[in-house]
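Asks: As they're listed, the protein sequences go chains A and B.
Residues in the first sequence are numbered from 1 upward in steps of one, following the working numbering.
Residues in the second sequence are numbered from 1 upward in steps of one, following the working numbering.
Just so you know, the hints here were simulated from the structure itself, not pulled from any lab data.
Incorrect hints may appear among the rest.
[Claimed, not checked] Straight line, CA to CA, 30 Å or less: simulated DSSO-like cross-link-like pairs of lysine-lysine: (1) B/290 to B/265; (2) B/234 to B/150; (3) A/378 to B/136; (4) B/278 to B/265; (5) A/46 to B/67; (6) B/63 to A/197; (7) A/190 to B/63; (8) B/150 to A/197; (9) A/190 to B/46; (10) B/31 to A/190; (11) A/197 to B/67; (12) A/46 to A/190; (13) A/372 to B/136; (14) A/197 to B/46; (15) A/141 to A/35; (16) A/197 to B/244; (17) B/31 to B/272; (18) B/74 to A/183; (19) A/183 to B/46; (20) A/183 to B/150; (21) B/234 to B/272; (22) B/244 to B/222; (23) B/9 to B/150; (24) A/190 to B/9; (25) A/369 to B/74; (26) A/190 to B/272; (27) A/46 to A/4; (28) A/302 to B/74; (29) B/234 to B/222; (30) A/248 to A/278; (31) B/46 to B/291; (32) B/265 to B/234; (33) A/369 to B/31.
[Said to hold, decoys possible] Sample of chain A residues facing chain B (criterion: CB under 10 Å; computed from the structure): (34) 92; (35) 93; (36) 188; (37) 228; (38) 229; (39) 257; (40) 357.
Glycine residues also receive a C-beta, built at the ideal position from the N, C-alpha and C atoms.
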Amino acid sequence: MAVKLLLENAHVEGIRYYEAYRRTGGYRSVEKALKMTPEAIVEEVKKSGLRGRGGAGFPAGMKWSFIAKPEGVPRHLVCNADESEPGTFKDRYLMEFLPHLLIEGLIVSSFALGSNATYIYIRGEYAWIPDILEHAIDEAKANGWLGKNILGTGFDCEIYVQRGAGAYICGEETALIESLEGKRGNPRIKPPFPAVKGVWDRPTVVNNVETLAAVVPIINMGGDEYAKIGVGRSTGTKLISACGNINKPGVYEIDMTISVEEFIYSDEYCGGIPNGKKLKACIPGGSSVPILPANLLLKTAKGETRYMNYESLSDGGFATGSMMGSGGFIVLDEDQCVVRNTLTLARFYRHESCGQCSPCREGTGWMEKILKNIEYGKGKMSDIDLLWDIQRKIEGNTICPLGDAAAWPVAAAIRHFRDEFEWHVLNPEESQRRNYGLAHYADAREIVAA
Amino acid sequence: MAEGAPLFKVTIDNITVEVPAGTTILNAARKIGGDVAPPAMCYYSKLQGSGGKCRTCLVEVSKGSEKDPRPMPKLVASCRTTVMDGMEVKNITSPKVLDARAGVVEFLLLNHPLDCPICDQAGECHLQDLSYEHGKAGTRYEFQRRTFHKHDLGEYIQLHMTRCILCYRCVFTADQLTAKREHGVLDRGDHAQIATFIEKNLQNDFIGNVIDVCPVGALTDKTFRFKNRVWFTKPVDAHRDCPKCSGEVQLWMRGDEVFRITARKDEWGEIKDTTQGKPGWICNECRFEKKQVSDWVIEGPSKVNRQSVISANHYVGVQKPGETFENVMDGRQPRLFMDIHSVSEVNKPEIQLSLIEGPAHSDDFEVNNKD
Ligand SMILES: Cc1cc2nc3c(=O)[nH]c(=O)nc-3n(C[C@H](O)[C@H](O)[C@H](O)COP(=O)(O)O)c2cc1C
Ligand code: SF4
Ligand code: SF4
Ligand code: FES
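So that you can see chain A by itself, here it is in the shape it has in the complex:
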């Protein structure tokens, strides 16, 4: 049975409200943390090896230790609840069902970072969740966990919920900060980094919802104990939001020692692929990460089993690997068309580009148009090379990683499924009738048996 640190009590009745949450041991970490020094908390988080759950996987303790501490300047903690990456819906689950867990993590983290005003920036489309969070904040305040002089320690903290207006780019931390300040959500040019100049030019830490929630078990059990769960530099547990062609889509908490194959086929998790179909491909970490064909998903290029953790998923680099990303696990069965899938993603990135830098603004639109031609039977062979060239000229040349996020899915689709693109070009009529091209799949169990 897998370890559960975040979702352990998710099914306790009334856990959304204070009374049940407290009864099951909630807010213990605040009692413990406020007796520690902020430095000691940062130290525990460092020891835990917790990596950012927002996508980049940057060690959280290290990020916290970078925050500048100029005399007399307030500092801020900002919780990134913008969760707009297609395929990712784990933060939503946490906030909707366990709002107090996030609030608890925020109080401890605010204390560690010296933030007296902490913000939750939540995507506008999660229209009903701010009410849940605000209710939890009110309850926490009424019970003395928030507000002035918390637990008599002299530490003041307020948490504010700010709604976004519906833009993926506002999940990028500096765009989020701009938007929080009431401006257009354009990413800032770095440096300076938020740790030095963030919200209103004050030192700021931006962390993902899940990262901040994970601080609670870390303080409760100690950083060293937390680090024992998982493997290598993938410590603790990770929430995975699984979707696509699987029997049991949903949010799963995994410790990062299970294999991808187990995750897809075991009844404890995704429960296999419906209708007896075969696995074709998977985007394992949210729409931005490279898509992998089944054979490279279940085994690395070296023939080793691939596991659901940071190192193993990125084994082989972009040539034969992918990324853990934000944990949005999208499964494609043999009936799915990679060209169509890539077009859908390209359309998303074109729509969400902020338009500041020319490669991303112009390149994303161009890629979408070419992909549309290929998908609808008007493509040319040379279009495939052109797509490759465009993504190559976007990647790495933009202000923020959205440019890369738009380039990678296209690159990976061409890298692994080039014959499917060619099939679309060569069989324009058939590719219109059938919704898929070459079925470039391999059934997992066949591979395992071989």
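Position chain B with the ligands against the provided structure of chain A, taking the given hints into account.
Replies: Chain B with the ligands alone, transformed into the frame defined by chain A:
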């Protein structure tokens, strides 16, 4: 660039300069000048926060600094990256940079209308210069280009969004030069546009400066639109006593007529400092309303960059080559250089022109003329 800041040595394309700490790579490269200075479409030294957007100024940092010699993993925007002591930078000596820049130029031109023949900016357009230098003759874009309606921004300024490259310079100018924020960017991605909210006139004394900062023909002077081509007009430095601004301007004249008035610009196309050492922004009155020579004290012709098309009509006394045509031909008869077959249908003779001795004569075409 504080006074007394320590001097840093930076090597760009194998040329070393010393600049004060805090200088950007772009400004260090401009100190060297020539081809070493990367093209900059969005950075504007007089505008705070500008730069970093167009990505034409990308360079490769092959050595971070003396202390930390590791190269930077990605190309960086030279306009927003400050130099470190001992830094080594590659601009035109890096194939990676040239490749990325060619990409950026292609992206910038992707949706650009290329209507230079009817655009007032032609001749002094930075995008035009950029594409001559780094662009390709053809395009790989096979789709309809993005277009917008033209907008009138009040009585003096015309906004032609279709040509805009979203450099944000005009937004910064309006923000930093004028009291009220009046225009900005609406929408996002490739449908983002410069706009006033909603369809408002831009009315304040300094808004005309957005025309000067615009690198392309997206913002143009309505008092000058379609009146002349910039290369037919002659820039003349002039000034007047103006209660609102320095009154130091450039008149663009043809004969005795003043066609256009702009701020004075330096070799990078940015407005110059005034004689008082302040940024030389000019007010709307000087720019739009003083179109008589008698309004101004003329100082003399402006110095113009020799490469500029604007100088085309102003350099007299063309140097002739030392040798004459006859020397070159060494006594042989000159022949037709151009095959007139390809020039006009009328002249399609059944004659091999190259076989005719000497220049072709109308008699040679009798065959054709007869029928
Ligand atoms: C285009 C873009 C969108 C992003 N969206 C999100 C998001 O919705 N949620 C999130 O937590 N991080 C998002 N990120 C990552 C953040 O920039 C940032 O790295 C993260 O919030 C840091 O938190 P962490 O260290 O806890 O992961 C996004 C990044 C980019 C470039
Ligand atoms: S990469 Fe795209 S989203 Fe990011 S700043 Fe540039 S244009 Fe905006
Ligand atoms: S209108 Fe001109 S100055 Fe303004 S953003 Fe567009 S190109 Fe730049
Ligand atoms: S001039 Fe540096 S990015 Fe535009």
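Asks: Return the numbers of the hints above that this structure violates; sort them in rising order.
Replies: Numbers 8, 16, 23, 33, 34, 35, 37, 38 and 39 - these are the hints that the structure violates, sorted from lowest upward.
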